[in-house]
Every structure is written in structure tokens, then in C-alpha cells.
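Chemist: Quick note, the sequences are listed as chains A and B, same order.
Going by our numbering, the residue at position 39 of the first sequence is 24; the numbering climbs one at a time, nothing skipped.
Adding 115 to a residue's 1-based position in the second sequence gives its number in our numbering.
Everything labelled a hint here was simulated from the structure, so no lab data went into it.
Keep in mind that the hints are not guaranteed to be accurate.
Between beta-carbon pairs, the in silico distance windows are [what the hints assert, rightly or not]:
1) 168(B) with 134(A): 39 to 47 Å
2) 245(B) with 211(A): 45 to 53 Å
3) 214(A) with 168(B): 30 to 38 Å
4) 211(A) with 218(B): 43 to 51 Å
5) 185(B) with 184(A): 15 to 23 Å
6) 212(A) with 305(B): 50 to 58 Å
Cross-link-like lysine-lysine pairs, in silico, DSS-like; alpha carbons within 25 Å at most [to be verified]:
7) 156(A) with 175(B)
8) 175(B) with 308(B)
9) 181(B) with 308(B)
10) 308(B) with 251(B)
11) 168(B) with 181(B)
12) 102(A) with 156(A)
13) 175(B) with 153(B)
14) 155(A) with 219(B)
15) 153(B) with 245(A)
16) 211(A) with 251(B)
17) 251(B) with 156(A)
18) 308(B) with 146(B)
19) 168(B) with 245(A)
20) 102(A) with 113(A)
21) 251(B) with 168(B)
22) 181(B) with 153(B)
23) 215(B) with 211(A)
24) 181(B) with 245(A)
25) 168(B) with 308(B)
26) 102(A) with 155(A)
27) 155(A) with 215(B)
Please read all numbers here as calculations on a predicted model, not as lab measurements.
Using N, Cα and C, we set each Cβ at its ideal position, and we do this for glycine too.
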Amino acid sequence: MSNSHSDTVPLHPSSQSDIDEIENLINASVQSGPATVLPARPPSPPRASIPVSSTPFIQSQIPPPPPQSSSSNQKVPTVAAAPPPPPPYVGNSSSIAATGFGPAPNTLTEPVWDTVKRDLSRIVSNLKLVVFPNPYREDPGKALRDWDLWGPFFFIVFLGLTLSWSASVKKSEVFAVAFALLAAGAVILTLNVLLLGGHIIFFQSLSLLGYCLFPLDIGALICMLKDNVIVKIVVVSVTLAWSSWAAYPFMSSAVNPRRKALALYPVFLMYVSVGFLIIAIN
Amino acid sequence: MALFEADSFTRPAAGSPRGSDESQGGGWLHKFTVAAYKPYFDVDTSDVLDRLKESLYPFKGTFTEKTATNPDLYGPFWICTTLIFVAASIGTFVTYIAHKLRDKEWNYDINLITWSAGVFYGYVTMVPLVLFVILKYFSAPSGLVQLFCLYGYSLFIFIPAMCLSVVPLEIFRWVIAGVAGFMSATFVAPNLKAHITSAGESWFLIVAGVFLLQLAIAVVLKLYLFTVSV
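All chains should be modelled from the sequences, with the hints used to inform the complete structure.
Modeler: Spelled out as C-alpha cells, the structure:
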């Protein structure tokens, strides 16, 4: 998953070697003292060292070239003042910046446990942002900046497995239907919002809909352990309401307010049908 | 956020001017982008609710006028999907009650979902397609999307009908199925008639065929979902 995470980092790992070459050339051409050459900065605040060389989108530790030092002093504040989107990502995952901005092999050669731990912590933090009350809920753009697809995958598979275990006959068909319903449902819901003229990012929306399944996962687990119909109905209703509440801010802010109900109704329909499946499987 | 959206799947939607420029060269590929279908989802909540209310009035025939310029695919698709869910859940519930009343073993039949999905999606896709071809043959063409729209909304009446069919009285269920089928058929027929009176003598055959088909689907639903053999 570190590959997909590098998608959020604008710097392609292989261009780091090009940057190093350019850096060496610049250093080799500098005859004057290092007074106008800024020292190499530590990785953590890369914003402060945005170079004014030809490629403004590269955030690395290249010191500004000395012949342009006078213009660079004017340029650097404006370049640093414009808030490019990448810094928040870098800020969120500074540990990844330390490894991602370095030579690429750092994330490839790190121990597997580190990768797994990083992905797990991201899943947990995304879960906390989406499903539990937190101050960022009203701004969906902030809520799931660091989206990933591992979390939704685990939740969908877990729900399918739980339903399959609960079923007494046709277990594999139940899993197949549940998995297909959830996966196709998430894709169709996202397409629905896009077609209605909404503004969302496809995979971010898939990620959010997957994370909102977490309450239904808990509900399915409880229903598997306790086979009473009344208990099942109560548990499923509560977790259904929780899931809908979690998905509501994101979906409703993605479309034109006149079409809000058109975008929200299918989400509700999908969760209700999954809830019904949980109650009915015995 | 702008950086994120640049490499996201919203690009096909945002890039519709590009898509239309390439439509001469990549014409058939354009059909696979989101932007190609956006015009068919250009409805507000109030529009959809209006159209749903229209579909409940038989014998009116004004639906096609209202949707001639702005047919939508949102209604048909989500009405079908809701129908599938309602059919599966009500059918399951009915068999559950019947088995419990007789103290018999009951197991969830997952095939209900797949079967009803096949029936509803198939009906709303195939029948308008066939009708489109037939109407073209009789040189009284109607837009394909308008036909999808008409058939999709005509299925709306079956949602309340199925909810009412929970009542375990056989004669009541037949009455409900009959009334719903009749209302649905009398919604489709006048709306279609407006289009095809120019088709010459055979318009009556077409309208009668459509009418009977709608009744047939109501009967099929009743038989498969609500006939419980314990």
C-alpha cells in the first residue's frame, strides 16, 4: 500500500536522483562562499525550503542557486506563501515524508511490520474520523484526506464472512451476494453522485462508504452471537442509524442542495437492505 | 483538494468539452464516460417527486409531455432497485410468517434477491428496447430514453402494492396485484398512444400488447413472490 500512498506525495521517487544530480551540479558551479547558499534543511519542514529553480512543484532540500539569490529572496516568500495542497499531506504523515522524500528504497526495505503498523494506524485514524463524532465531521474535505482502501476492504469482507457464518444453508451464495451487493453498491452510489453533478473523488467516496460499514459489522457480529429476532431488529436499527449518520455529511455536501435527497436516498437504501440481510439470515 | 481532484475519476465528468471534441474520433468510447450520461440525471428532488406522483394517475397521458425534453434515468434505475429490495424483503417476510405460523423450519432463500433483480432490471431494459425497435419499424419513433423513463416510472405503483400484499389473504393479494397491474398498464398505454397514433392501423395492437405485458408482470410477481407452499 506504500505505492498508493506515494500517489499523495507529488514527488516521484525516481526524480529524487535527478534532484541530487542537479544539486551536485549547482554546488559544483558555486565558486563563492556558502554565505548565500542555504544549508540543507532537515526533512520535517520541507515547505521552508521550496526551491525557486525551474520546477516549483518539487519540494526538496535543494538550496536556491546563488546567482539568483536576490530574486530568490523575493520569490521564496511568494512561493512559500501560496499554500499548495501537498504540505497538509506531508504534515499528516511526516514519518512517511521522512522515508518517502528520501530515496525510495526506504519504504521498500523497511520491515513488513512497519508497513503493516502504518497502514493499521491509518485505518484506525480514518475510522475515528468517519464513524465517531469529531470536530471535522462537517467539513468532508478535511475528514477523509488520507483515504485508503484497505479499511473498506476489511470491513466488506468481514461483513460477508459474518453473514456467511450466520447462514445455515447456501453459505457461499450468501457471501457472494453480500460482497457483490456491498462492492457494486459503493461503486453505484459514487457514480450516482457524479451523475447528479456532484463533486466528489471516486476512490475517496468508495473509501468513505466502506468505512461507514463499520457499525453494521458490529451489528452483524452481535446478531451472529445472539440469535433472537427482537434483539436482532433492535441492534440492526441502531447500527443502521449510526451508519447513515456517519455517511450523511459527506454525501449531502457533495451535491447541489436541491438534489440532496436524490443523493442520500440510495445510501439509505443500501444500508437498509444490508441491515435486512443481517436480520433475515439465520 | 485541487491536486487530489486532478488525478481522480472526476476528470471524465469535468472534461466533457474534451469528450465532445473527440466524439468524432472516439465516438463509441465516449459512451463509456460518466459525462455521456450526465444529461439524463439533470433532475432535482422536486422533479423526481413530481414524476412519481404523475405515475400514480391512470388515464392521464401527460407524462410524456412533461418528460419529453428532460427524460431522466435516475427514476427508472432507483425505482427498479428499490423494487428489488422491497420484493425480496416482503417475499422473505411472507414466507417467514407462513412457516412460523405452521411451526415449520424456515431458511432464508437468497435466490429471491437474484431472481427479482433479474426480472426487474430485465423488464425495464428489454421491453423498452424491443418497443423502440418496433416503433422505429412502424416509423413512429420515440426516443429510447423516454421509453426507459416511462417504463421505469410505471413500476413505481408496485412498491406500495407489494407492501400491501403482506396481508395473508389470498383473494386480497390477487385483488392488489390486479389493481396495481391495471393502474400501471393504464399509465403506460395513454402515454404511448400519444406517440404512436401516427403509426397507422397497428397502433392499437402495440398499445394493447403493452397493456397486456404490464398486467403480465403483475401476475408473475404475485405468483412467484406471494404464493407460499408450506
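Chemist: Take the hints in turn and mark each one as holding or not.
Modeler: Status of the hints after comparison with the structure:
no., hint, in the structure
1, 168(B) with 134(A): 39 to 47 Å, "41 Å, holds"
2, 245(B) with 211(A): 45 to 53 Å, "50 Å, holds"
3, 214(A) with 168(B): 30 to 38 Å, "36 Å, holds"
4, 211(A) with 218(B): 43 to 51 Å, "22 Å, violated"
5, 185(B) with 184(A): 15 to 23 Å, "22 Å, holds"
6, 212(A) with 305(B): 50 to 58 Å, "52 Å, holds"
7, 156(A) with 175(B), "48 Å, violated"
8, 175(B) with 308(B), "11 Å, holds"
9, 181(B) with 308(B), "15 Å, holds"
10, 308(B) with 251(B), "15 Å, holds"
11, 168(B) with 181(B), "12 Å, holds"
12, 102(A) with 156(A), "33 Å, violated"
13, 175(B) with 153(B), "29 Å, violated"
14, 155(A) with 219(B), "19 Å, holds"
15, 153(B) with 245(A), "16 Å, holds"
16, 211(A) with 251(B), "59 Å, violated"
17, 251(B) with 156(A), "47 Å, violated"
18, 308(B) with 146(B), "31 Å, violated"
19, 168(B) with 245(A), "19 Å, holds"
20, 102(A) with 113(A), "16 Å, holds"
21, 251(B) with 168(B), "30 Å, violated"
22, 181(B) with 153(B), "19 Å, holds"
23, 215(B) with 211(A), "19 Å, holds"
24, 181(B) with 245(A), "22 Å, holds"
25, 168(B) with 308(B), "20 Å, holds"
26, 102(A) with 155(A), "36 Å, violated"
27, 155(A) with 215(B), "21 Å, holds"
In terms of the numbered hints stated before, the structure departs from hints 4, 7, 12, 13, 16, 17, 18, 21, 26, listed from lowest to highest.
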